[in-house]
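Undergrad: Please model the entire structure based on the sequences and the hints provided.
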Amino acid sequence: MSKLYSGAEIVFKCLEDQDVEYIFGYPGGAVLPIYDELKNHESIKHILVRHEQGAGHAAEGYARSSGKPGVVLVTSGPGATNAVTALTDAYMDSIPLVCISGQVPTHLIGTDAFQECDTTGITRPCTKHNWLVKDVKDLSKIIHKAFEVATTGRPGPVLVDIPKDIQFQKTKYVNSIKTKKLNGKIHNKFNQSEIDQLVKLMINSSRPILYTGGGVINSGPKASELLRELVSLTGFPITSTLQGLGSYPGDDNQFLGMLGMHGTYEANNAMHDCDLMINIGARFDDRITGKIDEFSPKSKKVHIDIDPSSINKNVKVDLPIVGDVSEVMLSVIKTLKKKNPNFASSNKEKTSKWWEKISEWRSVNSLNFINSDKTIKPQHAIQRLYELTKDKDTYITTEVGQHQMWAAQHYKFNKPNRWMTSGGLGTMGYGLPAAVGVQIAHPDKLVVDIAGEASVLMTIQEMSTAVQYNLPIKIFILNNEYMGMVRQWQELLHEKNYSESYTAALPDFVKLAEAYGCVGIRAKTPDELDEKIKEMINVNKPVIFDCLVDKEENCFPMIPSGKPHNQMLLGPNDQEENKITGKGKTLV
Amino acid sequence: MSKPKSAYSIPGKKQKNDTHVIVVWVDNEAGVLARVVGLFSGRGYNIESLAVAEVDPKLNISRITIVTTGTPQVIEQIKLQLGKLVPVHKVADFMRGDKKIIFKEMALLKIVGNNIKRKKAIKFCKKFNPVVLDKTNKSVVIQITALRREIDTIMNDLKKTGLVSVSRTGAVAMTRGAEIFK
Chain A
361 MSKLYSGAEI VFKCLEDQDV EYIFGYPGGA VLPIYDELKN HESIKHILVR
411 HEQGAGHAAE GYARSSGKPG VVLVTSGPGA TNAVTALTDA YMDSIPLVCI
461 SGQVPTHLIG TDAFQECDTT GITRPCTKHN WLVKDVKDLS KIIHKAFEVA
511 TTGRPGPVLV DIPKDIQFQK TKYVNSIKTK KLNGKIHNKF NQSEIDQLVK
561 LMINSSRPIL YTGGGVINSG PKASELLREL VSLTGFPITS TLQGLGSYPG
611 DDNQFLGMLG MHGTYEANNA MHDCDLMINI GARFDDRITG KIDEFSPKSK
661 KVHIDIDPSS INKNVKVDLP IVGDVSEVML SVIKTLKKKN PNFASSNKEK
711 TSKWWEKISE WRSVNSLNFI NSDKTIKPQH AIQRLYELTK DKDTYITTEV
761 GQHQMWAAQH YKFNKPNRWM TSGGLGTMGY GLPAAVGVQI AHPDKLVVDI
811 AGEASVLMTI QEMSTAVQYN LPIKIFILNN EYMGMVRQWQ ELLHEKNYSE
861 SYTAALPDFV KLAEAYGCVG IRAKTPDELD EKIKEMINVN KPVIFDCLVD
911 KEENCFPMIP SGKPHNQMLL GPNDQEENKI TGKGKTLV
Chain B
122 MSKPKSAYSI PGKKQKNDTH VIVVWVDNEA GVLARVVGLF SGRGYNIESL
172 AVAEVDPKLN ISRITIVTTG TPQVIEQIKL QLGKLVPVHK VADFMRGDKK
222 IIFKEMALLK IVGNNIKRKK AIKFCKKFNP VVLDKTNKSV VIQITALRRE
272 IDTIMNDLKK TGLVSVSRTG AVAMTRGAEI FK
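Respectively, the protein sequence lines represent chains A and B. Be aware that the first sequence starts at 361, since it is given in this note's numbering, and climbs by one per residue. Be aware that the second sequence starts at 122, since it is given in this note's numbering, and climbs by one per residue.
Careful: at least some of the hints might be erroneous.
For lysine-lysine, the following DSSO-like pairs were computed, each having C-alpha atoms within a straight-line distance of at most 30 Å [stated by the list, open to error]:
| id | chain 1 | residue 1 | chain 2 | residue 2 |
| --- | --- | --- | --- | --- |
| 1 | A | 651 | B | 135 |
| 2 | A | 501 | B | 137 |
| 3 | A | 676 | A | 549 |
| 4 | A | 737 | A | 505 |
| 5 | B | 137 | A | 658 |
| 6 | A | 501 | B | 205 |
| 7 | A | 923 | A | 856 |
| 8 | B | 303 | B | 200 |
| 9 | A | 651 | B | 137 |
| 10 | A | 708 | A | 560 |
| 11 | A | 673 | B | 211 |
| 12 | A | 901 | A | 660 |
| 13 | A | 549 | B | 221 |
| 14 | A | 660 | A | 694 |
| 15 | B | 200 | A | 676 |
| 16 | A | 373 | B | 205 |
Just so you have them, the derived chain B footprint on chain A, three or more residues with Cβ under 8 Å [said to hold, decoys possible]:
| id | segment |
| --- | --- |
| 17 | 475–484 |
| 18 | 487–497 |
Read the hints as simulated data drawn from the structure, not as lab findings. Just so you know, even glycine gets a beta-carbon here, dropped at the ideal spot from N, CA and C.
TA: Have a look at this one:
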């Protein structure tokens, strides 16, 4: 007879077979048997967070920077509900997470027992799938299936809820990792005729644009290589969503910058005026499209996505191709090379007018801002951070708000998996715990969380985690004492009624850093900024960097609500004009 | 139109709504109906009626029939989103007017009244395969099978014959002829 294992042992056997190295978690009554078993499994290290939301975001940061699924372990009731924000965040941004939660013993389920909640009910809409384990015999099968669901197709979070009595019960262990693909849920069914159609459209287009998204990152590093090959092969201009940054070098001439609500003038205008739009792994999010009815009216649209439900959801497309973007791009490159080996050079003339137009838009220099030698402009701070860290293979996480957009605009990424930001859900408090996860995955790399002072206070407790595990993360706070993006919207849309967007009692971040046992640095003026940033980089400890920036700077360019791509608000100069004519008001 | 003061865009043109019958084959496991129904409520889709029961005890498969309304784009989304659920095996979609499909709904009707009224009620139901399931000298329970609209009409007609209670199933659907949906 083969050996019998307890449910808790089976959990670890599964994690070992899945090559899990780190779990992010927080103990509690209903997961104690699993925590008791932890000591017997040396290959798995547990990172103790300070709040379960932090565990979830740390696992997200780990997953996004390493390409491996993140594993979260929480207790029942409040443990599980605290993880819900992170699960929803992972669901929106397609990040593979496996969350294991404890549950009250089976016989107490439904009795409103201590720390009981309907975890599978609560997490049903924010996971790809979840399971309540009712029989220990199903446990190993369910956990392996959970990893499979989380990592295949369009990735996402899953949850396995394990009642405490199941953790004690014993059964045989079955390693059921399957190489077989999931029943009907893997969509990689594109065919050559679709590729041929796409190549034909590419050959005939005179105003093409590639619009790439997080799918390129999720498809693995090979996808980014193929994308670079495709771009150089075609000579097409390329723009990227917030999540796709890094899949194509940010400093390359063919790259038009990020598109969307705070995207560049050239990227958005090119999207509006193109005759062929090739969407690779993006999902026509409302922050990207602006007004749907007037979205890119003159173009043929091609959408390459692994998730068939993303196609025609927001924007009707002419040619949908359902498949893994790497494989589709590989086919396109092969077909294009066969049909027309010198495509880029032969196509140059055809697209030359288009490129002229793009350079015109580029000359507007929409990311420009009026710098100051008295106060630190937030954009300037990001630019300096970029210049001083660009030769270091730096990993950047962010919170959510103005600082996030400035980071996306002014920090140029050259490699995939270096940029971790909460795009879909827009979770303030994401960046600090995500940085913890990134630093765990890459202990020797520089990891910077570009933060706002309001966001970072939502999960500031995770500094304690960073100190405990000697994770030298750098929290680079652009401190303007406002919830900047809220303030900006109030200025533009609500007659400058700054309702509750000012934080009147902020902590002293330098002292806060010291209280946590890390290093606090403050920069007040532009002259000292570079020195202080260098100091931050050179400290081999966690740092909170309090960068006091202009309090009233707004994030431009911007597509106001309900407007199409070609009606952008540009920076302060444009705004002055609008103010005089009263046009600014009607624009928003 | 008032000036939009929102971080979101204003709704675009509205398309016409159609009624569709969506048939879903799922693993008969705990919570599967909640997943399907939760997807509809969570994404703001309509459910006009719902019928669900296990159809293959050996393979543990249940068949869910949902009548819903939506624009062509919404119907397409419903199908694709359902297809993504892990316990869902296949999804079929029929237009309500489709001649190749049979739709049926069952209703139980309780009539309380004198003999004349009860007789009249049964006569009204004649077209819809009436079966008398229970009879007393004051009441009768009639089972009919018909289309949704037909049952709506007959309920109206039966008001004057002493209809006191109605219980209806949701519509179920099946293709005509020898074909089955793969």
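Undergrad: Now tell me if each hint is right for this structure.
TA: Quick rundown of the hints versus the structure:
At roughly 14 Å between alpha-carbon atoms, residue 651(A) and residue 135(B) fall within 30 Å of each other, so this suggested pair holds. Proposed proximity of residue 501(A) and residue 137(B) is contradicted: the alpha carbons are some 45 Å apart, above 30 Å. Simply put, residue 676(A) and residue 549(A) have alpha-carbon atoms about 20 Å apart, close enough for the 30 Å limit, and the pair holds. Using a Cα cut-off of 30 Å, the hinted pair residue 737(A) and residue 505(A) is violated, with the two alpha carbons roughly 49 Å apart.
Of the supplied pair hints, the one linking residue 137(B) and residue 658(A) holds, its CA atoms being roughly 24 Å apart against a limit of 30 Å. Among the hinted pairs, residue 501(A) with residue 205(B) is consistent with the structure: their alpha-carbon atoms are about 20 Å apart, no more than 30 Å. Restraint check: the Cα-Cα separation between residue 923(A) and residue 856(A) comes to about 21 Å, which is no more than 30 Å; the hinted pair holds. With a C-alpha separation of about 15 Å, the suggested pairing of residue 303(B) with residue 200(B) holds against the 30 Å cut-off.
With a CA separation close to 20 Å, the supplied pair residue 651(A) and residue 137(B) stays within the 30 Å bound. Only pairs whose Cα atoms come within 30 Å are accepted, and residue 708(A) paired with residue 560(A) is accepted, the gap being roughly 16 Å. About 20 Å separates the Cα atoms of residue 673(A) and residue 211(B), which keeps this hinted pair within 30 Å; it holds. With a C-alpha separation of about 52 Å, the suggested pair residue 901(A) and residue 660(A) falls outside the 30 Å cut-off, and the hint is violated.
The hinted pair formed by residue 549(A) and residue 221(B) meets the criterion: a straight-line CA distance of about 29 Å does not exceed 30 Å. With a C-alpha separation of about 22 Å, the suggested pair residue 660(A) and residue 694(A) falls inside the 30 Å cut-off, and the hint holds. Using a Cα cut-off of 30 Å, the hinted pair residue 200(B) and residue 676(A) holds, with the two alpha carbons roughly 16 Å apart. In summary, the hint linking residue 373(A) to residue 205(B) is supported, as the alpha carbons are separated by about 29 Å, within the 30 Å threshold.
Here's how the segment 475–484 of chain A fares: 3 of its residues keep a CB closer than 8 Å to some CB of chain B, so the rule of at least three is met and the hint holds. Look at the segment 487–497 of chain A against chain B: 4 of its residues bring a Cβ nearer than 8 Å to a Cβ of that chain, three or more, so the hint holds.
In summary, the structure is inconsistent with hints 2, 4, 12 from the numbered list given earlier, while agreeing with the others.
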